[in-house]
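Input sequences plus hints: build the corresponding full structure.
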Amino acid sequence: MSALRNILLRREAGIAVMIVLFCLAVGTQKPQFLTLDSLRIILLLTPLILIGAMGQMLVVVARHVDLSIGSMLGFSAMVTGMMFKFHPEIWWPIGFLVSIGTGALLGLINGLLVTLFRLPAIIVTLGTLNLYRGLTYIVSNAKQIDRQYVPSALKAMSQTSPIFGIPWIIFISFGVALLTYIFVMHTRVGRQIFALGSNPVAAPLRGVAVTRVTLLVFSISGALSGLAGILYASRWGFVNPSNTGSGFEFQVIAAVVIGGVSINGGVGTVLGTILGVLLLGCVAAALPLLGIPGTTQSAIYGAVILIALLIDRTVRQQGIKSLTRARA
Amino acid sequence: MLKKTLLAGLAIGVAMVTTAYAADPIKIVYIGKNTGNPYFDSITGGFEDACKSLGCEFEFVAPATAEATSQIPFIEAQIQRGVNVIAIAPNSPDALNQVLDTAKEKGILVLTVNGDLVGNEGHRDATILPVDFTKTGPNQVELMGSMIGYKGDIAILSATTEAPDQNTWIAAMNDTLKNDPKYKDMHLVATVYGDDQPEKSTTEMEALLSNYPNLVGVIAPTTVGIAAAAQVVQSRGIAATVHVTGLGLPSEMRDFVKDGTVSAFQLWSPYNEGWLAAHFAVGVIGGTIKNEVGGTFDVPNLGTITIADKNAMNTQAELTTFDAKNIDDFDF
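Taken in sequence, the protein lines are chains A and B.
Following my numbering, the numbering of the first sequence begins with 1 at its first residue and continues without gaps.
Following my numbering, the numbering of the second sequence begins with 1 at its first residue and continues without gaps.
Honestly, the hints are just simulated from the structure, not real lab data.
It is possible that part of the hints are untrue.
So the derived list for chain B, only partly shown, Cβ under 7 Å to chain A, looks like this [stated by the list, open to error]:
{"no.": "1", "residue": "35"}
{"no.": "2", "residue": "38"}
{"no.": "3", "residue": "64"}
{"no.": "4", "residue": "161"}
{"no.": "5", "residue": "203"}
{"no.": "6", "residue": "206"}
{"no.": "7", "residue": "207"}
{"no.": "8", "residue": "210"}
{"no.": "9", "residue": "254"}
All of these numbers come straight from a predicted model, not from anything done at the bench.
Every residue gets a Cβ at the ideal spot worked out from N, C-alpha and C, and that includes glycine.
And the structure:
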């Protein structure tokens with residue numbers, strides 16, 4: 001058990017070292033990158049990705065993948081935005097229930113398609129990625145929900161702070177991460193997700209209700225996409241049928257994989273995923289600061305993801321092997 | 001109805017015969033840059049209202065994303081559908097040449113609305129632009145200057161590096177700042193691109209503030225960019241030191257103007273572009289308007305419109321400036 005803990009420590013330490021090295025390298029060129037102000041910028045870039053990454057982590061640990069999260073985010077945000085626009089009399093915090101509930105329902109549909117029809121999740125969610133985005137256009141009649149309809153109190157959550165000048169939205173995202181940690185480490189169902197991902201054949205023999213656990217992880221992924229949806233409206237002040245959530249899946253899956261969650265299932269930690277999200281946030285904030293032109297930024301962003309993965313993979317090749325052996 | 005059709009056919013000659021034999025109302029389609037873009041809702045509103053009064057049929061379609069080639073299947077579908085007029089906000093100055101030529105060969109009137117095929121004007125019949133775009137750059141520089149007392153470091157936050165309109169305006173801004181002695185104390189320190197995405201525009205704006213601590217103003221001649229820049233200034237509470245202006249939609253900027261984050265910004269009426277385009281199209285097909293450089297015609301609410309060089313028309317002479325006093329008068 002202590003050997004296992006050491007491996008985990010070393011793995012996450014690897015990502016942490018990468019973050020520190022990257023920030024120091026940027027800091028030699030732009031000293032202002034190493035200030036609290038840029039930490040604030042980085043943290044404000046990451047809450048939605050962090051929330052999405054927690055759901056995705058569970059799905060990937062269960063040996064599936066959820067490509068539809070950006071569209072679930074967009075659809076939930078649009079439904080909530082339309083509630084704000086057409087029913088301003090409803091108390092606005094109800095929007096959280098609407099958005100999370102809508103997302104959970106869409107996620108449950110993904111889970112049902114995967115379990116009932118025994119379809120690969122990558123195909124199912126590729127389909128619903130387009131289906132849910134299309135439904136977003138249909139329900140909204142392709143119209144944006146403008147800033148004036150998003151409640152000021154909701155927008156303020158991305159700007160005002162309960163403590164230390166850190167906006168609410170950041171506390172919410174780390175709160176989600178903490179709850180996820182408790183869920184996977186200290187609940188029976190949480191542990192069953194790992195058992196299922198490590199060995200889907202043996203899991204039912206060991207008493208894991210495979211269908212229920214699968215439905216659960218997809219519903220959680222949907223619910224968290226829904227939470228990210230209403231927080232999108234908070235952060236950016238509007239909901240657009242085509243932009244909102246578009247490309248979200250790429251950032252989230254990149255963060256999860258950089259964070260050491262194995263695409264083969266069964267392996268992944270909340271801390272590693274948080275670090276993966278932070279590394280992406282650092283890169284996204286650093287590129288414009290370094291004055292790298294927009295045309296080059298996406299190439300560099302992609303290259304950094306690949307380099308991070310390669311370093312991580314090389315460092316912990318042995319670690320993964322012994323870890324999966326220990327779990328299975 | 002047949003008589004009217006025959007008269008129209010005689011009046012406009014053989015070239016238009018394909019459109020004239022249709023006894024149905026004139027069918028106009030407007031192809032936007034992308035779906036869900038609130039800017040096009042307003043242009044569409046102008047088309048719809050004009051078609052209500054003129055008796056034409058109108059439809060708006062747009063691809064999901066504003067890529068160079070994404071409009072081609074939409075143009076092809078409309079040619080097959082047999083529309084009389086294709087109006088389009090082109091996503092590329094040259095990628096559509098071939099398919100637009102096909103449309104013209106079938107006798108369809110091809111108009112570019114809100115953006116032109118710069119350098120490829122021969123592939124459309126006429127263009128409707130909101131203002132003379134050569135004046136946009138100088139107008140924006142003047143508005144910025146008036147906000148910062150004509151001195152200090154300023155920056156430009158644009159959309160994408162390859163957007164033709166943005167580049168025309170930015171070149172004109174550079175030119176004005178360099179050559180007009182009125183602006184000799186204003187220094188353009190950076191031009192950055194937020195790709196019309198809120199996330200990217202925000203990180204670019206934050207980087208500007210971090211890299212140029214003496215910055216006093218940012219011009220964002222794009223609706224996504226100006227809203228993102230304003231939001232950064234609002235959340236940092238630095239509206240007194242960093243002034244944001246540019247081209248924005250009143251519906252998106254209203255809150256920022258009311259809370260003092262942005263004192264003034266500019267745009268034109270997108271609605272009038274649709275209104276003018278529909279009147280022009282129906283006039284040309286009906287034979288009452290000749291699509292010739294130098295020609296003039298009257299449009300209700302807009303007055304006399306002149307067809308300028310390269311068959312270009314403008315809905316207004318100067319940009320409209322929006323501020324706390326007038327912003328509630330506009331509902332787009």
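We went through each hint and held it up to the structure:
1. 35: With a closest approach of 5 Å, the residue 35/B hint holds.
2. 38: Hint holds; residue 38/B Cβ to chain A Cβ min 4 Å, cut 7 Å.
3. 64: holds (6 Å)
4. 161: holds (6 Å)
5. 203: holds (5 Å)
6. 206: Nearest chain A Cβ about 5 Å off; hint holds.
7. 207: Constraint on residue 207/B satisfied, holds at 4 Å.
8. 210: Status holds, d = 5 Å.
9. 254: holds (6 Å)
Of the hints listed earlier, there is not a single one the structure fails to meet.
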